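Enquirer: Residues per chain are reported as follows:
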Amino acid sequence: MNADVFRKWLMYGYSALLLSFIILPLLIVVPMSLTSSNSLAFPTPGYSLRWYEELWIDQRWPNALWNSLVIALSTTLLSCVLGIPAAIGLAWGNFPGKKVIYAIIAAPLVVPVVIVGVAAFSFFATLGLVGSKLSIILTHTAMAVPVMLTTVVASLSTFDRTLVRAAASLGAGTMRTFFKVILPLIAPGVVTGAIVAFIISFDEVVVASFLSVGNERTLPRMIFSGVRESVSPAIAAVAVLLILFSAILLALIGWLQVRSQRMRMRVVA
Amino acid sequence: MKTYLRTISAMALALSASTLVASAADPITVVGWGGTWDKAYKDGVWDKYTEQTGTPIIQEEWAGEVAKVRAQVQAGNVTYDVVSVEAPAMEIGCAEGLFLPLTPDVTGDPQNYLPGTLHECGVASDTWATIMTYNTNVFKDGTGPKTWADFWDVEKFPGKRGLYSQAQFTLENALMADGVKGEDMYKVLSTPEGVDRAFAMLDKLKPNVVWWSTTTQGIQNLDSGEVVMSDAFNARITNEVVQEKKPYTIVWDAGFFYGTDFWAVVKGAPREKEGVDLLKWFSIPENQAGFSKLYAYGTGRKEAAALIPAEWAANLPTSDEHIKFATAYDNDFWTENKEALEERFKAWQAK
Amino acid sequence: MVLALLVLPVVLFVVLIFLWPVARFLALSVDNSDMSGNLPRTIVALSQDVPESGLPSEAVFVALVEDLAAAKRAGREGVLAQLVNQRLVGTRFLIIKTAKDAADGKLDMRPVRESLIDRHSGWSNPALWQELSRQKGAFTDYYLLNSVDLMRGEDNAIASVPPDRAVFLDVLLRTIWISAVVTVLCALLALPLAQAIVSAPPTWSRLMFALVLFPLWTSLLVRTVIWIIVLQRNGPVNATLMGLGIVGEPLNLVYTRFSLYVAMVQVLLPMMVLSIVAVMRRVPATYMRAALSLGASWLTAWRRVQLPLILPGILSGGAIVFVFSLGYYITPTLVGGPTDQMVSSYIAFYTNNTLNWGLGAALSLQLLLILLMFAFLFLTANAILKRRTAA
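Residue numbers (our numbering), protein chains in the order written: chain A, 21 to 289; chain B, 19 to 369; chain C, 5 to 395.
Hints were generated in silico from the structure; no laboratory data involved. All of these numbers come straight from a predicted model, not from anything done at the bench. Heads up, the beta-carbon is just placed ideally off N, CA and C, and yes, glycines get one too. Treat the hints with care, as some may be off.
[To be verified] Selected chain C positions facing chain A (Cβ under 8 Å, derived; list incomplete):
| # | residue |
| --- | --- |
| 1 | Ala8 |
| 2 | Ile21 |
| 3 | Pro25 |
| 4 | Gln199 |
| 5 | Ala200 |
| 6 | Leu215 |
| 7 | Ser223 |
| 8 | Val229 |
| 9 | Gln236 |
| 10 | Trp302 |
| 11 | Gly331 |
| 12 | Tyr333 |
| 13 | Ser348 |
| 14 | Gly364 |
| 15 | Ser368 |
Please construct the entire structure, taking both the sequences and the accompanying hints into account.
Expert: Below, the structure is given as structure tokens:
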């Protein structure tokens, strides 16, 4: 039995070590970003908020944040518009070639992002769209739509289709059925998919580097060129803000999951 | 009805006025070399322009790839208005018609320019030099490297060296270390044997090299003590020494190479006309001197040089004190060989 | 059928916005139209030509001047000059200047051959003419060969490029090697952690799972940047090592293969843990207990009972990690040194820096093929594994 206890502690000890390897770097930049000095060093010589102020004062950062938000929200919206109907079609439909369709839609997940970036650049250049947000939104949507589709298909798999027939027999039109019956029930899947789509776009740097210029730069693009120049405390401050942002989104998803579980329990009861 | 009409016309007026205002304040996209170079241009030149004319300037950075401009021009999707290009790229771009030719009423009298700083399609944005520098805390009181051969001598001067991660500049430095004189440089480098010789020299130093690809990286490597000496662009070192009191010295007499970059207006740019206006304004000596005052690089107009305080002017690569150790980069050579040598250099680095 | 129509927009969208641009870009790897399309007359003339004293005859020179004048008027001479210069260094200005003269009508004096060579002596170089006579069709294998360190030598035979330019096979092997090391490291590190997550009490299990997931929600770029900050010379790791007296001088940790592995493992580990945990949860704990009660030692029981059952999880996790690694760009670019760059970095270098799109496309094609090959291998392995567990 002693060996069992020992093994158990060994396993937890190891897990704690590995988890700190995963998490600790994300935490250690927080004090480092609060440095009062001109360069990043550890231990931090003195604390101040000056680098966060710097981000606010240098208008390129808020501007880039704005660009990123506009692009990510548009991407999310477009992914929903394209992805939700397609998910319904794929989950409920019975037609040949489904495998091919899945393969086509999943392709953006597999192709290395540099290739996507270069290809998108040369494609949109011939359309005269390089440097516009539209080109980035369209490419990001292609990258986000497979994920959107998967989460919605998953939430549809537990969906009871008699509800649709019931709604139709009560005289509800297609649109009404969709918005009043289907959407509320698959909402958790849609919201999760939407958040992931948002993150994919918001964090994406390679396509944005190829397609954004001047005032249209996105936040990751600013970080990327900033890092190549030098890893300054301002970069660390942006990193911390982005980590914080992710933490909020993750908490949101966790809350949604708990809620949808409760909802399902209520339906069963 | 009357009030309705009045409201409509007032709104239309406001709308057209706002579009007019917007177009006057549409920014010009100016593409420079990034980092402190861009900052010096912003603080010393562009902010003044915006103040005087109300036209904002957006700064972009690039690595001077003229083919990028060509791709934009051919696709009819030009996003750059004014770019700073190296002299070889200037030659290609101007010959291909990618840049607008500038008339003397834009640039001013050609007589007033230093040699090599005025081009059919551009005016000098900066005359820079790639020099050797070392940390005086490591090598005290004149015990530092004096020649490029010393730079290559790891036994006499132990420690890692910083080198710019590209073929141009690095090959020249390697051959200088191998005893090639400035005036013979391109005779040697034009032969396959000469190129091999340069790479053979680099082979010797490779284990002791820390590569940098932006000036800030190069400086950070010096700051952290990771390298004890490095090649560098002269102005950046001068800035660090003068403003930040850092312990670096420039070894001018080891020999150095200098070149000129040009401002050019991209043909078919969205703000083409305004770009020309900007360069016209820039061609006024007082305006371009704003850059040299902040950054120890030269500009084109002779009168501009006179506006720089003598003490600061002594830091420029073109000062009387320094120019005697200088060789100009051979633009024709690098125009033809840039891509092939950069690709070979990249392959060599990866091994 | 109505349901099929719902799927149509997204399929069209992906084909138009994604597959078509990618295919178009990959096609550049064999495209020669910028060369052959700008020299149509010259190529025809060259193919019918009988050389005089090592150089083509008058007819070819006449055709060349016409072609270059047309190229200049169309604004295409710069591309042409770049392409010719790629194959034969030192010809860029020759093309640009000749094209300018040709368009200005300065080369109309007969015989064109002599007056052209007189004006631009570069045209007396037989190697240049040999290169031009190779540009026959709208397609070329130049870039594809180049991407595997091969070229067309004398008499058009395929030969190795000179050793100082041979780099792509090395880079390809390096890419596969780095991906393999990262995959194995991830698998080894993830297994005990996954076991701990599955066997821990629910609250702890959920907490551990959330901690593993968290990095997946932060951007790859941010996580990569953080490793630069943590591993730099005056960063926390070096400060700790020096504080503990383990090293006297800060180590160069960042911009090395080591930092690349560390960053890539941290970024990709969650994927591996996820897919192993997913499979482990389906394996009933009773199997292990049964094996233990039959007297097997814990390790034997784990190896003989648990491991085979979770192998599909390791395999699918490995497939994801490996295939993702192959295409990595941001992380090697930022935390690797010059000898740690992977294929993607070279694709970016050739398309961004030297604007050699043909080679960039050929390397992309190579990367995609390797990626598909490994994906296929993993799928086959998975299928075999399934059949065996079923049997």
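Enquirer: Give a verdict on every hint.
Expert: Hint-by-hint comparison with the structure:
no.	hint	in the structure
1	Ala8	holds, 4 Å
2	Ile21	holds, 5 Å
3	Pro25	holds, 3 Å
4	Gln199	holds, 7 Å
5	Ala200	holds, 4 Å
6	Leu215	holds, 5 Å
7	Ser223	holds, 3 Å
8	Val229	holds, 5 Å
9	Gln236	holds, 7 Å
10	Trp302	holds, 7 Å
11	Gly331	holds, 3 Å
12	Tyr333	holds, 5 Å
13	Ser348	holds, 4 Å
14	Gly364	holds, 6 Å
15	Ser368	holds, 5 Å
No hint from the list above goes unmet by this structure.
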